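> So the sequences go chain by chain: A and B.
Take the first sequence: its position 75, counted from the start at 1, is 71 in the numbering used here, and no numbers get skipped.
Each position in the second sequence, counted from 1, maps to that position plus 38 in the numbering used here.
It is possible that some hints are incorrect.
[Stated by the list, open to error] With a straight-line Cα cutoff of 27 Å, these simulated BS3-like cross-link-like pairs (lysine-lysine) come out:
#: 1; chain 1: A; residue 1: K80; chain 2: B; residue 2: K182
#: 2; chain 1: B; residue 1: K125; chain 2: A; residue 2: K45
#: 3; chain 1: B; residue 1: K182; chain 2: A; residue 2: K45
In short, the hints are calculated from the structure, not lab data.
On a predicted model such as this, the values are computed, not experimentally measured, just so you know.
Here is what each chain is made of, one letter per residue.
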Amino acid sequence: MVKTETYTLNMGPQHPSTHGVLQVVLELDGELVIQAIPHMGYLHRGIEKLAESRTYTQFIPYTDRLDYVSSMGNNWGYCLAVEKLMGITVPERAEYLRIIMTELNRMASHLIFMGSLAIDLGASTGMMFGFRARERILDLFDMTCGARQTYNYIRFGGVSVDIPPQFIPELKRFLADFPAMLTEYHELLTGNEILYHRLKGTGVITAERALEIGLTGPALRASGVDYDIRKVEPYGIYDRFDFNVPLGTVGDCWDRYIGRMEEMKQSASIVAQALEQMPEGEVMAKIPKVIKPPVGDVYHSIENPRGELGFYIVSDGSTKPYRIHVRRPSFINLQVLNETCQGLLIGDVVAVLATLDSLMGEVDC
Amino acid sequence: MSNLDINEVLLALQAAYGEAIQLIGEGSQAALLIAPDQMLDVFGVLKTNEFYQFNMLRNLTAVDYLEYMEIVYHLYSLPLRHSITIKVRCTMEELTIPSVTKIWPSANFQEREIYDLLGVNFTGHPDLRRILMPEEFTEHPLRKTYNFVGNTGEKR
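Please put together the full structure from these sequences, using the hints given.
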């Protein structure tokens, strides 16, 4: 008789497929996964603690460093929470600029998802193509606020600067090119038989379980649950746009992949609509020089590319927040990793991690 | 959008649980304050009652107010599309509170985070370990009394 026993394998924290410094401790029986326990904290910077010794305005750049591939959304979520507490209204043009930037950022983020999924599954060309399209978006951000990744663009009462004159022609060129790009990626990846068989039926999460465990964002919608904060509790001016929320049926890696590809199309359509409706005018409301929200607490959440990003802010009436808590979607989505990976192969753990699309900057906060 | 009147919830719950339920704050900041010994029963009602159906625990966090610790639950009902804020307070001498992981499994990591950073013990939690700080760390950095200048958190 051959005696079999399980063994432990450390995946990460220095593993290219864990998207940063996530450590997954795998308990394996041969190549089958019995347990996949995520260990986080390698990137913990104590941002929530730092917030207590910074003024409200000084904290905006810190939000850039949470989910660093969709910083616009983070800026916006935080600013919305403080604006809700202080009762600030934002000028029309700024609302449109916020939507345009955040939706472009969602596309950039999903392009990274597509590229990293491809490279994790061995199709390194996918990464190059994803980055090619993302580069065009980053150039747009660069010409507006001077930064390519950590923007600090959305501020209390509006946005920091208006867009430069060359922005709109360049954006229109990009929007015209994007459908062809997306078709190309679909031909390269979606039509690829290897990718299809790697993703189809792998890592199924049922709708019921996804809700229970607190999944949000594209990962939840892939299981068929219709929960998109842009639709159920529209913030900003999302109620003025016509867009669909793509839903999956099975909740496997394939649905999570296709859902995000479809979301990019919807985001492009929102940007095009916003561009058409956007009025001229101010981009910054008249707000007090010193931000001193009234005593109280507020929770506000937005739909970030990874799920529900919420900010809970407690104000004691001073210039510094008493407490800030960030509800990070990547962190809560990781809870599902262990049970989803059980019974899969090591290579499939990579696929599940890639399609959950957790980002360590946000997990560790 | 929220179409739930928090005062009606308050009255309905007070009829069953009496003084264990109170209303604090007003307007958009209104929240229900629940006594720790009744909280699991009340959460059970909030989740299963057909008029509430709070099937999502959106956010769970805690705030250190020096005299007491306040644990904040933001609930959301996907079928009925309304939300509510629940607060539970416990004294600094006895920082222990029942875990809600049996009602909403999504509380797992968030309760571990509160345990790690603020030192609240959750009874009945399946796996209460530190999650962000190293295992050998002894303090709770998000406490207001935490001294973070030159503090490595190691036992001396």
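> For each hint, tell me whether it holds in the structure or not.
Going down the list of hints, with the structure as the test:
no.	hint	result
1	K80(A) x K182(B)	holds (25 Å)
2	K125(B) x K45(A)	holds (21 Å)
3	K182(B) x K45(A)	holds (9 Å)
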